[in-house]
Amino acid sequence: MSVTLQTEPFDPGELLSAFCQGRRETGGICSFTGLARAEAGQTRLLTLEAYPGFTDAAIAAMAQAAALRFDLQDWRIVHRIGPISPGEAIVFVATAAAHRRAAFEACDHLMDWLKSRAPFWKQEQGPAGSRWIEPTSQDLADASRWDRSAD
Amino acid sequence: MARVLLFGRLADLAGWRERRIEADSLVSLRSAISAADPDLGEALQGPSVQVALDKVLVRGDRTLGPDAEVAFLPPMSGG
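Taken in order, these protein sequences are the chains called V and X.
The opening residue of the first sequence carries number 885 in this note's numbering; numbering runs sequentially from there.
The opening residue of the second sequence carries number 14 in this note's numbering; numbering runs sequentially from there.
Quick caveat, the hints were computed from the structure, so don't treat them as lab data.
Take the hints with a grain of salt, since some may be wrong.
To be verified - A partial selection of chain X residues facing chain V, derived with a Cβ cut-off under 10 Å:
id, residue
1, Leu18
2, Leu39
3, Arg43
4, Pro87
5, Pro88
What the hints assert, rightly or not - Output of the computed footprint for chain X on chain V, the stretches with three or more beta carbons under 8 Å from beta carbons of chain X:
id, stretch
6, 898–906
7, 933–942
8, 976–986
Glycine included, C-beta positions come from ideal geometry on N, C-alpha and C.
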């Protein structure tokens, strides 16, 4: 159960292999790897800014709540910060549970939250210069699927 | 002296990301910032800007100790 924010690229395969080690009571592990998209050449570089000590604490608190909600045995989140080139992995989420459904749903839930509500500030640099971007309406709608009031 | 941090577009607007500013409350800190940079002062008043004191979100005024860390957070983009 840990979150890592790092400027260095990571290998999602290595992270997943490490997460799978030593589990005799886990029935299912679900993982998701998000890549930075080039947006048809419109994005040359993505830069993610975090507030160390605040961003990681918010992510950990959210993941711990999700672990209770979905009865997870374990979770792992790795998120890139700083400059990220198209094609590079930007986020890795893995969830472990006794049964597959909980692992799938918790992973989906964690990603929706990370994409829309995690305390990052994202800047896209493209041919027309750079701009700060905010969550899309689709990101917000995806995240709201999990709000308790909508249950 | 409060340690003041700016993120995202607020840092671009200000031209700095971290600065030490003499202030004993959030209200006096905002006044000091506005006096030095009215555009930044106005941007910090925006309804979408959140304030974290020592890495905890707060609303309204707060007393600032000598080692206070104040962060002004524009709308979060998600990852």
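Hints and how they fare:
{"no.": "1", "hint": "Leu18", "in the structure": "7 Å, holds"}
{"no.": "2", "hint": "Leu39", "in the structure": "17 Å, violated"}
{"no.": "3", "hint": "Arg43", "in the structure": "19 Å, violated"}
{"no.": "4", "hint": "Pro87", "in the structure": "7 Å, holds"}
{"no.": "5", "hint": "Pro88", "in the structure": "5 Å, holds"}
{"no.": "6", "hint": "898–906", "in the structure": "violated (count 0)"}
{"no.": "7", "hint": "933–942", "in the structure": "holds (count 5)"}
{"no.": "8", "hint": "976–986", "in the structure": "violated (count 0)"}
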